[in-house]
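**Student:** So you can see what is in the structure, the chains are spelled out below.
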Amino acid sequence: MSSPELKAAVGLSRKWDAREAGRELVNKTLERLEGAKPNFFLLFPTIHYANHGGFKELLNGVWDVLPKKTPLVGGTVMGFINNMGCFTRGVTGLAVSYPNMDVAVGVGHNTKRSPATAAKSCVELIKNGLKNSKYKNKFLFDMISGTEIPSMPGMGRKAVIPSDLMGKFATKMLGVSEVILQKGFGNEEEILEEMLNELDDYSIIHGSSLDVSLAKNYQFLGDKVLTDSIVSLGVSSDLNVNLSFASRANLTKKFKVTKISKDRRVIHEIDGKPASEKLLELVGWKGKFPTDRQFTFGITTYFPICFISDGKNFLRPVVGILGGSILLMSKFESNEGYVALISGKNMIDSLDDILTDEMAADFGILSSCAVRLMGLGGEVFAIREKLMKYFKDKPFILVNCAGEAVRKPNDRIYYLNESIALGLIGR
Amino acid sequence: MESKEEQILKILQEDLMPLEDIHACMVAKKGLEGITPLTEKFKQEVLPIWEILKNTMDELFDVVSHYSEYGLDKVYFELGEFDVMFFILPGSDTALVAIVPALANRGLLEVELENARRAIIKIVEEK
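Which chain is which? The protein sequence lines are A and B, in order. The working numbering numbers the first residue of the first sequence as 1117 and each following residue consecutively. The working numbering numbers the first residue of the second sequence as 302 and each following residue consecutively.
Bear in mind the hints are in silico, worked out from the structure with no lab data behind them. Note that beta-carbon positions come from the ideal geometry of N, C-alpha and C, so glycine has one too. Incorrect hints may appear among the rest.
To be verified - One-sided excerpt, in silico: chain B residues whose CB lies under 7 Å from chain A:
#, residue
1, P319
2, L404
3, N406
4, G408
5, L409
6, E411
7, V412
8, E413
9, E415
Stated by the list, open to error - For lysine to any residue, the following SDA-like pairs were computed, each having C-alpha atoms within a straight-line distance of at most 25 Å:
#, chain 1, residue 1, chain 2, residue 2
10, A, K1274, B, V347
11, B, K375, A, K1402
12, B, K375, B, E427
13, A, K1404, B, P402
14, A, K1461, A, E1501
15, B, K375, A, K1447
16, A, K1131, B, I350
17, A, K1332, A, F1507
18, A, K1404, B, F383
19, B, K342, B, V425
20, A, K1402, A, S1425
21, A, K1402, A, E1501
Could you put the whole structure together from the sequences, leaning on the hints where they help?
**Tutor:** Right, here's the structure in full:
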């Protein structure tokens, strides 16, 4: 007996005007679906549309064309790769049509202030939406509002604050701001961990939405433009899902974390010394503090720190120096760590670790760290070449996010930075 | 039908110039001969040092013309508050040039400059 027909299509628009881009994206995507009605639509614009009509207009354009009630989720990304090319400006989308599939969407608000509540709301919607599904393979794609760095009074939005006093002030501000202004850490790990309790049998692939300057990012659900939210797409079907991830960093010098914040995202001391001083020593930085530029495009990109858990490397790029402390976007879950070294070649070659011939996928979703995109720049086209060689005429989307994660059914979540996560879906 | 020059100008004006961090861009060779959007379209910040940039870029175009045949692909230089990025059209003395703020996210801009360079090469090579 032949398997039912699955149609998947990726679209792209490079139009500047938000409404026109939304329309063109969906028109092109549906054209490739050849008349099939999509079961869902994933939407990934870059932040540019905020200043070219706004995201509400982008969605208006999408819904001018997309069949009413099509489940839609998405969020802003720093860039993306798809079958058509590599882009850091524009909008891409993925639509899938398949008869043996049930779909539900979930949403949770106030992720920075109340991550657990947001997770619970989201899970409840997904579980209720799929409770009558007869299919046993469950898959969840989610986007969570990523870290947003507040602009500090008198300092603006800076990566390097050399003064210890100002650094301590900034650290305190970050906590206050998270509660009052909902600016701060994305809390992705807390949200995902909370969700796992209720979603044992789900495969999960995650991306954290972001903008270019970590100032404000957006999530999308149906015709709604959201901030500080989690949106998710739950799929129950007879399709197989294969998840993997890779980073290919080389671990170099070992260190001990001797003082760290309660949430494990701000390291105060390494080997008994102020963390920023010790980090700079470990990466071989000499002289005064690096400038923002030297720090962001040098140390953040190519020298993430790393801890090992369950035999896997978890990279954590250092995104800020706050006086004596260093700032991460996600948790450093060990008191032992390494300075990692990651080259452009490592980033490109890491694709070889996940693009294996194990499964003939009908389509692929990849979530990769935006720091990699910043580091690779124009060399990112080499990643697309590898993806094209693997997927051939099958559609795929790689979105550059603030963080990525994968989780196989009944397994732990692997919350990643500066890595690449792959979800292959097929019959 | 649009001429090749018009098509290239369209890429500069419609794809690159609207990007917030592209302060000026052109497809040029030594002496800044080539295809350039109207300087009025350049971001104001770049205008005060435009003459200095023109002179410094001449020196760089000497390097481009010497090494292009050996596969020179990109050249960057930092000048005060600006980065000047040269994306060389393969085997030629001509480059897509962009002037961006020193603190711009160069990696992201590179992707769009590469898209523009590929589109320009396609236009140039069309019969």
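**Student:** All hints are to be evaluated individually against the structure, with a verdict given for each.
**Tutor:** Here is how each hint holds up against the structure:
Look at P319 of chain B: its Cβ gets to within about 6 Å of chain A, closer than 7 Å, so that hint holds up. With a least beta-carbon distance of about 6 Å to chain A, the hint placing L404 of chain B at the interface is held under the 7 Å criterion. Residue-level restraint check for N406 of chain B holds (minimum Cβ-Cβ distance to chain A is 6 Å; threshold 7 Å). The closest approach between the C-beta of G408 of chain B and any C-beta of chain A is roughly 4 Å, which is under the 7 Å cut-off, so the hint is satisfied.
Below 7 Å, beta-carbon pairs count as interface contacts, and L409 of chain B has one with chain A at about 4 Å; its hint therefore holds. Against a cut-off of 7 Å between C-beta atoms, the interface hint on E411 of chain B holds, since the closest Cβ of chain A lies about 3 Å away. Checking V412 of chain B against chain A by beta carbon gives a least distance of about 4 Å; that is within 7 Å, so the hint holds. Contact between E413 of chain B and chain A, as hinted, is supported at the beta carbon level, the nearest pair being about 6 Å apart and thus within 7 Å.
Here the hint on E415 of chain B is kept, as its CB sits about 4 Å from the closest CB of chain A, short of 7 Å. Annotation: proposed proximity of K1274 of chain A to V347 of chain B holds, straight-line Cα distance about 24 Å (limit 25 Å). Straight-line distance between C-alpha atoms of K375 of chain B and K1402 of chain A comes to about 29 Å, which puts the hinted pair past the 25 Å bound. Distance hint between K375 of chain B and E427 of chain B is fulfilled; the C-alpha atoms sit about 23 Å from each other, no more than 25 Å.
About 23 Å separates the Cα atoms of K1404 of chain A and P402 of chain B, which keeps this hinted pair within 25 Å; it holds. A hinted pair counts as satisfied when its Cα atoms are at most 25 Å apart, and K1461 of chain A with E1501 of chain A qualifies at roughly 14 Å. Taken as a hint, the K375 of chain B and K1447 of chain A pair is broken in the structure, with Cα atoms around 38 Å apart against an allowance of 25 Å. With a C-alpha separation of about 32 Å, the suggested pairing of K1131 of chain A with I350 of chain B is violated against the 25 Å cut-off.
Distance restraint check for K1332 of chain A and F1507 of chain A: the Cα-Cα separation of roughly 33 Å exceeds the 25 Å cut-off, and the hinted pair is therefore not satisfied. Proximity of K1404 of chain A to F383 of chain B is assessed by CA-CA distance (about 23 Å); at most 25 Å being required, the pair is judged to hold. The hinted pair formed by K342 of chain B and V425 of chain B meets the criterion: a straight-line CA distance of about 24 Å does not exceed 25 Å. Distance check on the hinted pair: K1402 of chain A and S1425 of chain A sit about 31 Å apart at the alpha-carbon level, beyond 25 Å; violated.
Taken as a hint, the K1402 of chain A and E1501 of chain A pair is broken in the structure, with Cα atoms around 38 Å apart against an allowance of 25 Å.
When the structure is compared with the earlier hints, violations turn up for hints 11, 15, 16, 17, 20 and 21 and for no others.
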